[in-house]
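Single-letter residue listing:
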Amino acid sequence: MNHYKSASEQLAQLQSGETTSVELVQQHLGRIEAVDGNVNAFLEVCSDSALQQAEEIDRQRAAGEKVGRLAGIPIAIKDNICVEGWKASCASKMLENFTSVYDSHVIEKLKAAGAVLVGRTNLDEFAMGSSCENSAFQQTNNPWDLERAPGGSSGGSAAAVAAGMVPLALGSDTGGSIRQPASFCGVVGMKPTYGRVSRYGLVAFASSLDQIGPFARNVADAALLLESVWGHDRRDSTSVDVPTSSLSDQLEEPLKGLKIGIVPEHFSNGLDDEVRDKTEQAIESYRSQGATIQEVELPYAKYGVAAYYIIAPSEASSNLSRYDGIHYGHRASSDGNMSLADLYEASRGEGFGPEVKRRIMLGAYALSSGYYDAYYLKALKVRRLIAEDYQKAFQDVDVILSPTSPTPAFKLGELVDDPLKMYLNDIYTIGANLAGIPGISISAGQTASGLPVGVQLLAPAFEEAKLFRAARMYESANSESRLTPAM
Amino acid sequence: MTLSTEDVQKVAKLARLKLTPDEVEQFAGQLGHILGYVEMLNEVDTDNVQPMAHAADVTNVFRSDEVQASLPRETALENAPKTDGKYFLVPQILEGS
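Chains as they are written, first to last, in the numbering used here: chain B, 1 to 487; chain U, 1 to 97.
Just so you know, these hints were derived from the structure itself, not from any lab. If a hint is listed, it holds; no wrong ones were tucked in.
As a list, the in silico DSS-like pairs of lysine-lysine whose alpha-carbon atoms are at most 27 angstroms apart: (1) B:K93 with U:K10; (2) U:K13 with B:K93; (3) U:K82 with B:K93; (4) B:K93 with U:K18; (5) B:K392 with B:K256; (6) U:K86 with B:K87; (7) B:K111 with B:K5; (8) U:K13 with U:K82.
Let's have the full structure, built from the sequences with the hints guiding it.
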């Protein structure tokens, strides 16, 4: 069975001629066929175009042509990333019939690297949510326990990788939307430094926070995927022109004298006991490898969720004003008496789901006259204090370790009626988005009932190489960190 | 923190969102609850703190002023809900024309 092999192992098989890309893609399509009826990770599987791409790669290999770093490897794409000729629905009725007319920067890069695009994965509508329950089309189930949430918003990508449907997937992370589902599904998920990966072609949610990042079943694969998609792009004016160093080359070198910061408050109220145990075991594992553990203070971290839920909805209310029923997206049926404003309101009222409306409303309120200073401006100031917290902490330590999420995967339906409780799921992940720093979630074992638990590492801006090496140190010493669900 | 249904309706108007009476009712409660939580930001002394609008330290990123190809008209209109092949069609906005 190839479906639980890593991308790196699959690449080796392709290079040695042991298998072909067509075989590999067929195996994964077969796996999707076998399990996705239960998991519902994919909104659409593009078998024909995937097999065509695979054939082309096989032909190039056979002819001895130079092929890209991911040549022949299947990958799934979160459905808020534009692929030319594919739908990009954002799991919203608003964009149900929208077809992308160009490739995102990351898709151009993936195509150049020879990756085989297998399909579009489910998400919370417009990437707003932590459970995939806000998708307008389907509920993705956690491969470890189908009655539980896969996390969100990139739950489809996380579940697809966890269940062996693809070795790699792309997601996007605005407040934890890659790392939290990675922890719920027992895979590796990584959010790069803000500006590392171009947002050109990523459907905007909160532009100062959104970043595209990799899902994989191990750290090396995540590094390989990030290296394949990052880099400067002039079409995204926040894409930073900072040199990228190889992540893969030094990955196996442990960091000598690694200093790990932990924040005492992270281990206090609200943290599930088993998640605490697993996090503490991870700390012990690092200690046994010679790392020093040091307490650091992030005094403003506790305001992260509050600041985020003003800033992200404010940006969303502005970004999503483009959906007016005129240029693209859902348009309400109109009669002769309908004014333009009526048409906007009806189209948006019909096209958006409840969580998206809630956030647009929250943002519009925070930005409205009389409240702007009290909410939006205040949140931006607190954001700076939160970012400065991290800068100070990183003067003393190399990385900060915490749980990724306060609990393992929760039951579907458990939090849907309590938006605020759902938002508090992001308590450990949100700071990285506010501060713009990179973070990774790696598997740190399972609970007694068999649910994966993730541990998060954060590093200073642009220190991805350090982050990946630190993550790999844990993984190499803990074989149980590579988990596969029984399905 | 409570939000009245009138507050919700006013914001919905600003956001150009048509809400059902049930949604108005529901949002009044939920948004009030969330804004109540957010009020903890008032504990923080932010005098002399500059607002941070962006994580990346880049300003005034300009491209050179060169003419470049953009989406062809038919491609730009491909996803339009209503078009005559040349323009996006909207309801009449001027009276008597």
